[in-house]
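All residue numbers in the sequence shown are consecutive under this note's numbering, ending with 555.
None of these hints come from the bench; they were simulated from the model. Watch out, some of these pointers could steer you wrong.
As the list claims (entries may be wrong) - Straight-line C-alpha distance at most 27 Å; calculated DSS-like pairs for lysine-lysine:
| hint | residue 1 | residue 2 |
| --- | --- | --- |
| 1 | Lys270 | Lys438 |
| 2 | Lys424 | Lys449 |
| 3 | Lys431 | Lys449 |
| 4 | Lys315 | Lys371 |
| 5 | Lys323 | Lys438 |
| 6 | Lys438 | Lys524 |
| 7 | Lys452 | Lys524 |
| 8 | Lys431 | Lys452 |
| 9 | Lys270 | Lys452 |
| 10 | Lys547 | Lys524 |
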Amino acid sequence: MMTSRKRKNIILGTALWGWGIDQRTAYELLDNFVQVGGRYIDVAQNYPINKQKQDFGLAAKWLTEWITINGERDVSIILKVGSLDNMGGSETNLSASNIRSSEAEFREKWGAALAALAIHWDNRDDDEFEGIQETINVLSDFFRRGGGIGFSGVQRPDLYLKAAPELAKDWWIQVKENALTDSARLKYSKCFPDSTYIAYGINMGGLKNAPQEDSSSSKLRGIEYSDELILRLSKLLASDHGLNPVPRNFNELALSTMYRSKCLSGVIVAPRSLPQLQSTMSFWKALVEQVSL
Numbered sequence: 263m264m265t266s267r268k269r270k271n272i273i274l275g276t277a278l279w280g281w282g283i284d285q286r287t288a289y290e291l292l293d294n295f296v297q298v299g300g301r302y303i304d305v306a307q308n309y310p311i312n313k314q315k316q317d318f319g320l321a322a323k324w325l326t327e328w329i330t331i332n333g334e335r336d337v338s339i340i341l342k343v344g345s346l347d348n349m350g351g352s353e354t355n356l357s358a359s360n361i362r363s364s365e366a367e368f369r370e371k372w373g374a375a376l377a378a379l380a381i382h383w384d385n386r387d388d389d390e391f392e393g394i395q396e397t398i399n400v401l402s403d404f405f406r407r408g409g410g411i412g413f414s415g416v417q418r419p420d421l422y423l424k425a426a427p428e429l430a431k432d433w434w435i436q437v438k439e440n441a442l443t444d445s446a447r448l449k450y451s452k453c454f455p456d457s458t459y460i461a462y463g464i465n466m467g468g469l470k471n472a473p474q475e476d477s478s479s480s481k482l483r484g485i486e487y488s489d490e491l492i493l494r495l496s497k498l499l500a501s502d503h504g505l506n507p508v509p510r511n512f513n514e515l516a517l518s519t520m521y522r523s524k525c526l527s528g529v530i531v532a533p534r535s536l537p538q539l540q541s542t543m544s545f546w547k548a549l550v551e552q553v554s555l
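Make a model of the complete structure from these sequences and hints.
Below, the structure is given as structure tokens:
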């Protein structure tokens, strides 16, 4: 079961496992994350989305192998289900039978570590409401059995609300949120103002402090940011902003902003190296100790 939304959660993302992060590094990240008190892991059935068909499900496979060695007690996994490929498309199977099959498969692999099921992209419209109702019914059953439920990338959140208004306060909704956008949260909050929101992409793929520096994570995804944006954020970072603990880079500035947001209950972080993770977790610990919410 997910923790109370009143507590800010930091969640380890796995989107780059197998795509810029090898298995050894992934396990180093996971080991250290757990050692310093981290618990929540976010994974999707189709990670990494690197357009290499042979890598479909690799992140979940590595996670399974880690649990086999280390046990299930120290982690709680959010499993995003439904996507059928890792080529970047939106093809899904959100039928009740497929979701139940996914739950059974990963319950066998992860045991009690499977804490939440989340829908991973849903472009269905009014003409497929019956199918949406079927999807929501199976998630509702999972929720009644003590699991967490969530979604991301849903085109018609109003149809989710129509399918199960009684769950309106119970969703854990993942939204892309950073210095450039909060549009996903604003869209969903019209239907689900009291749900729990978790931000990803907060540092825009590891955006660095100088225009000439490349972010390898951004580069992997083919993302480019303007020098103007980088300079604007650099000025903010260097200004007398009064933030404590004092952020030293864009990642820490993003963590500080998201931690203080009354609209967010947590963040998904996706460091590519152990030093990045250690720096992130250290700053997060300082936020918890120094910032009154």
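Status of the hints after comparison with the structure:
1. Between Lys270 and Lys438, the direct Cα distance comes to roughly 17 Å. Compliance with the 27 Å bound is thereby established for this hinted pair.
2. Restraint check for Lys424 and Lys449: satisfied, since their Cα atoms lie roughly 16 Å apart, inside the 27 Å limit.
3. As the CA atoms of Lys431 and Lys449 are separated by approximately 16 Å, the hinted pair is consistent with the 27 Å bound.
4. Annotation: proposed proximity of Lys315 to Lys371 holds, straight-line Cα distance about 22 Å (limit 27 Å).
5. Restraint check for Lys323 and Lys438: satisfied, since their Cα atoms lie roughly 25 Å apart, inside the 27 Å limit.
6. Proximity of Lys438 to Lys524 is assessed by CA-CA distance (about 16 Å); at most 27 Å being required, the pair is judged to hold.
7. As the CA atoms of Lys452 and Lys524 are separated by approximately 16 Å, the hinted pair is consistent with the 27 Å bound.
8. Restraint check for Lys431 and Lys452: satisfied, since their Cα atoms lie roughly 13 Å apart, inside the 27 Å limit.
9. Simply put, Lys270 and Lys452 have alpha-carbon atoms about 22 Å apart, close enough for the 27 Å limit, and the pair holds.
10. For a cut-off of 27 Å, the pair hint linking Lys547 to Lys524 stands: about 18 Å separates their Cα positions.
The structure is consistent with each of the numbered hints, conforming to all of them.
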